[in-house]
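Chains as they are written, first to last, in the numbering used here: chain A, 356 to 451; chain B, 356 to 451.
No wet-lab data here; the hints were simulated from the structure. Computed from a predicted structure; not experimentally measured. We put the CB at the ideal spot given by N, CA and C, even for glycine. Errors might be hidden in some of the hints.
As the list claims (entries may be wrong) - Think about it this way: if two alpha-carbon atoms lie no more than 20 Å apart in a straight line, the pair counts; the simulated SDA-like pairs of lysine to any residue are:
(1) A/LYS380 with A/LYS433
(2) A/LYS440 with B/ASN432
(3) B/LYS433 with A/VAL439
(4) A/LYS433 with B/LEU397
(5) A/LYS433 with B/LYS440
(6) B/LYS433 with A/ASP415
(7) B/LYS380 with A/ALA412
(8) B/LYS440 with A/ARG407
(9) A/LYS405 with B/ASN432
(10) A/LYS433 with B/LYS380
Unchecked claim - Ranges of calculated distance between the beta carbons of each label pair, as one might list FRET restraints:
(11) B/THR428 with A/MET356: 14 to 20 Å
(12) B/GLU417 with A/MET356: 30 to 36 Å
(13) B/GLY370 with A/GLN408: 37 to 43 Å
(14) A/HIS436 with B/LEU397: 18 to 24 Å
(15) B/THR411 with A/VAL404: 35 to 41 Å
Listed below, chain by chain, are the residues.
There are 2 protein chains.
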Amino acid sequence: MLIVAAYDIAITSEGGTRRLNRVAKTCLRYGQRVQNSVFECLIDDLTFVKMRQELTALIDPELDSLRFYNLGTRYENKVIHIGVKEVQDLAGPLIL
Amino acid sequence: MLIVAAYDIAITSEGGTRRLNRVAKTCLRYGQRVQNSVFECLIDDLTFVKMRQELTALIDPELDSLRFYNLGTRYENKVIHIGVKEVQDLAGPLIL
Numbered sequence: 356m357l358i359v360a361a362y363d364i365a366i367t368s369e370g371g372t373r374r375l376n377r378v379a380k381t382c383l384r385y386g387q388r389v390q391n392s393v394f395e396c397l398i399d400d401l402t403f404v405k406m407r408q409e410l411t412a413l414i415d416p417e418l419d420s421l422r423f424y425n426l427g428t429r430y431e432n433k434v435i436h437i438g439v440k441e442v443q444d445l446a447g448p449l450i451l
Numbered sequence: 356m357l358i359v360a361a362y363d364i365a366i367t368s369e370g371g372t373r374r375l376n377r378v379a380k381t382c383l384r385y386g387q388r389v390q391n392s393v394f395e396c397l398i399d400d401l402t403f404v405k406m407r408q409e410l411t412a413l414i415d416p417e418l419d420s421l422r423f424y425n426l427g428t429r430y431e432n433k434v435i436h437i438g439v440k441e442v443q444d445l446a447g448p449l450i451l
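Chain A on its own, in the form it takes in the complex (with noise of 0.2 Å):
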């Protein structure tokens, strides 16, 4: 299934800018970035929960975010993209 997860981290608080890439190095493992802070994920339940569990266990919930959608297996056309396709400051040629 596609899960799509997004963050946003606060990364002027104290120790934000170390949750922010690791938060980022977490994604990167189970899926492709697509902006900034989304990435996209084909991944199953299991991997889901465990993905789940490591970006739970690294954020401060009191300060940052992390949302999770879960589009399914039959995602291809619930994906619109519009404008540069790569992200700045990390390469990788985009799935969908």
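On the provided structure of chain A, position chain B as indicated by the hints.
Using the frame of chain A, we list chain B on its own:
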């Protein structure tokens, strides 16, 4: 249906801040901000077309990125949130 709209605006480019402000303001007319650059919009197909057209006209397609996810009408169990709910800095700099 629930449409998730996410954007990356190249704010360091010429006119970037202005484009960012306009895109954010337009998204706010259609839905609710859930993260700094992620909005959730409960809209119908026609409104979605209108929103896409407006946003497409605002961005620089060679620098900026818009991405939309259609969660359909039965979206309640497809969204998971972890951490702080409030968007911390609506008017401030973009947290990437």
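Here's how the hints hold up against the structure:
A hinted pair counts as satisfied when its Cα atoms are at most 20 Å apart, and A/LYS380 with A/LYS433 does not qualify at roughly 26 Å. Simply put, A/LYS440 and B/ASN432 have alpha-carbon atoms about 29 Å apart, too far for the 20 Å limit, and the pair is violated. Pair hint B/LYS433 plus A/VAL439 does not hold up; C-alpha atoms about 27 Å apart against a cutoff of 20 Å. Taken as a hint, the A/LYS433 and B/LEU397 pair is honoured in the structure, with Cα atoms around 15 Å apart against an allowance of 20 Å.
Our distance criterion of 20 Å between C-alpha atoms is broken by A/LYS433 and B/LYS440, whose separation comes to about 25 Å. Under the criterion of a C-alpha separation no larger than 20 Å, the hint pairing B/LYS433 with A/ASP415 is inconsistent with the structure, at around 23 Å. For the given pair, B/LYS380 sits about 33 Å from A/ALA412 by alpha-carbon distance, which is inconsistent with the 20 Å threshold. At roughly 17 Å between alpha-carbon atoms, B/LYS440 and A/ARG407 fall within 20 Å of each other, so this suggested pair holds.
Distance restraint check for A/LYS405 and B/ASN432: the Cα-Cα separation of roughly 18 Å lies within the 20 Å cut-off, and the hinted pair is therefore satisfied. A threshold of 20 Å between alpha carbons decides the hint, and for A/LYS433 with B/LYS380 the separation of about 24 Å lies outside it, so the pair is violated. The hinted range of 14 to 20 Å is satisfied by B/THR428 and A/MET356, whose Cβ atoms lie roughly 18 Å apart. As the Cβ distance of B/GLU417 to A/MET356 is approximately 32 Å, the hint placing it in 30 to 36 Å holds.
Our hint of 37 to 43 Å for B/GLY370 and A/GLN408 holds, since their Cβ atoms are close to 42 Å apart. At roughly 22 Å, the beta carbons of A/HIS436 and B/LEU397 sit within the given window of 18 to 24 Å. The beta-carbon spacing between B/THR411 and A/VAL404, approximately 36 Å, falls within the hinted interval of 35 to 41 Å.
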